[in-house]
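Protein chains: 2
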Amino acid sequence: MKLSPILEKYRQRVEESLKEYFESCSGPDHLIEAMSYSLFAGGKRIRPVLLLATSRLFARESVDPMPAACAFEFIHTYSLIHDDLPAIDNDDLRRGRPTSHIQFGEAQAILAGDGLLTEAFGLMSRFYCGTDDMAVVDGIAELAVAAGSAGMVGGQVLDIVNTGNNIDQNELEHVHRLKTGALIRAAVRCGAILGHADPEELESLTRYAEQIGLAFQVADDILDVVGTRERLGKSAGKDLQQGKTTYASLMGIENSKTYLMQLTEQAKTELDKFGEKAEPLRAIASFIAGSILQAEN
Amino acid sequence: MKLSPILEKYRQRVEESLKEYFESCSGPDHLIEAMSYSLFAGGKRIRPVLLLATSRLFARESVDPMPAACAFEFIHTYSLIHDDLPAIDNDDLRRGRPTSHIQFGEAQAILAGDGLLTEAFGLMSRFYCGTDDMAVVDGIAELAVAAGSAGMVGGQVLDIVNTGNNIDQNELEHVHRLKTGALIRAAVRCGAILGHADPEELESLTRYAEQIGLAFQVADDILDVVGTRERLGKSAGKDLQQGKTTYASLMGIENSKTYLMQLTEQAKTELDKFGEKAEPLRAIASFIAGSILQAEN
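In the order they appear, the protein sequences are chains A and B.
Just so we're aligned, residue 275 is where the first sequence starts under this note's numbering, counting upward by one.
Just so we're aligned, residue 275 is where the second sequence starts under this note's numbering, counting upward by one.
Looking at chain A on its own, in the form it has when it is part of the complex (with noise of 0.2 angstroms):
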């Protein structure tokens, strides 16, 4: 599905942002090769345009939010390298090309990951040295705890540990809010921060990312169900084969597109306050919904 031409804009600065941060990244020419190979795949980069959103919603903004978004989809992509590692998810299609360990074997792979990882907080604080907003520190808390143990990595071992298991919808909510909706909370909330919101500000924004964090998963479960290998650019009806719990084998496809609306409207009406500003956070909350709608036709 395509961005809207606000997103769209968004997505083209992140892009060569990336380029641009990616080039201060050195090191030997097989890791670089493996690094750039996954973090230049064309993803939609939604987490750094949500940084980037929520920070324009803020007059007071001191720095740069550019090298936090970035970092962000440093992250995710590191997730998604290890993720698909033979030992975890052993998946060999991601975003239309092979996996990095199909690509460059596993090892690379490994290797590759820990390293966009590191470059991450690398990004978060070179970027950021001689700069007196200490909101940067913060900032970069976010992230670490929202990729570490308590968030994404954590939501990663919940998963394996549950797979073939029955659970519920609280369990499965509590996993997705680890696995995906940690780091998308966080890129919300660390917009905010670096824009020095005030408490009732970051309140609202984070009950936001929480909204869309979940409509992700959700439609994430759906497309799993109705998309296509050559759609979805990564194989298709995996949970299933996996014995996953999901939205769709818990509620069924139908009461998982509503719930899906009714989380998106949710979001929506956290962003009130914000006014006109918030069109481009609005415009991703309509996005998420919206590619359901886009795989089906």
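Simulated from the structure, these hints should not be mistaken for laboratory data.
No false leads were mixed into what you were given.
Estimated spans, in silico, between C-beta atoms of each pair:
#  : chain 1 : residue 1 : chain 2 : residue 2 : range
1  : B       : Gly517    : A       : Ile376    : 24 to 30 angstroms
2  : A       : Gly404    : B       : Gly517    : 43 to 49 angstroms
3  : A       : Gly404    : B       : Glu445    : 32 to 38 angstroms
4  : A       : Lys293    : B       : Gln286    : 43 to 49 angstroms
5  : B       : Gly404    : A       : Lys276    : 42 to 48 angstroms
6  : B       : His470    : A       : Gln286    : 38 to 44 angstroms
7  : A       : Asp366    : B       : Gly526    : 42 to 48 angstroms
8  : B       : Lys512    : A       : Gly379    : 16 to 22 angstroms
9  : B       : Glu445    : A       : His470    : 48 to 54 angstroms
10 : A       : Asn444    : B       : Glu447    : 51 to 57 angstroms
11 : B       : Gly379    : A       : Asp366    : 19 to 25 angstroms
12 : A       : Thr405    : B       : Leu524    : 44 to 50 angstroms
13 : B       : Gly526    : A       : Gly379    : 32 to 38 angstroms
14 : A       : Gly526    : B       : Asp366    : 44 to 50 angstroms
Ideal Cβ positions, reconstructed from N, Cα and C, are used throughout, including at glycine.
With chain A's structure known, arrange chain B on it following the hints.
Chain B in isolation, oriented as in the chain A frame:
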């Protein structure tokens, strides 16, 4: 080999702080158990001790160096877990115990490594939120650059690429500067940066760190030949078996020992200007050289 009493005191403080900080890392039990297993396997904690012993040189120290010190041990531990993986060094013994993937399976080992790597930056940011000392951001950058593609991860890639090839001493030193040297150098530099060292002091300490980093690797190569599995707590003779070029294979055991002693003496020379206060840093240099004599008795 035993640490000298002064270093042992540092090590114990690090050990206590690691426990304390690790308790602040939450996550699923499976993950926390695997992270804890490797983190508390009884290492010498050389990197954190180096950082603390360096920051002690400066009365100007303004933030507590302990979170940064422990972050270096988190990074070092993650690197051991990932290096031991079947796809990389395929090792089954580490610090006298089964390696992480033997104990917990490959998926958990990969994720425990990812968790420790991420939480290292969590420590470096969470515990410095609210400070107004921007040296913290420089310290984070120092760690990220040393651990990333231009440092440790890059060195690991070169080590894999070079295995089975004949390389000369220059190439060998380049690999080691990245693979083990960079993190040791950064631990010293981070201690100096947090202590607001002046450029000249930072320069001397950087040279000290580069010499002991190299000494560390020369000692490790010698020990791989003269040590035993029981004494090392890891497999001995692996380098030869894997066709790796080492100082031992390149210049022989006796010349390697001479080189090690030279490096140690050069390192100590860099500390002259710091007088009595640098005693712990001198003790670390002696410890590295001494570990060889110990292994032969």
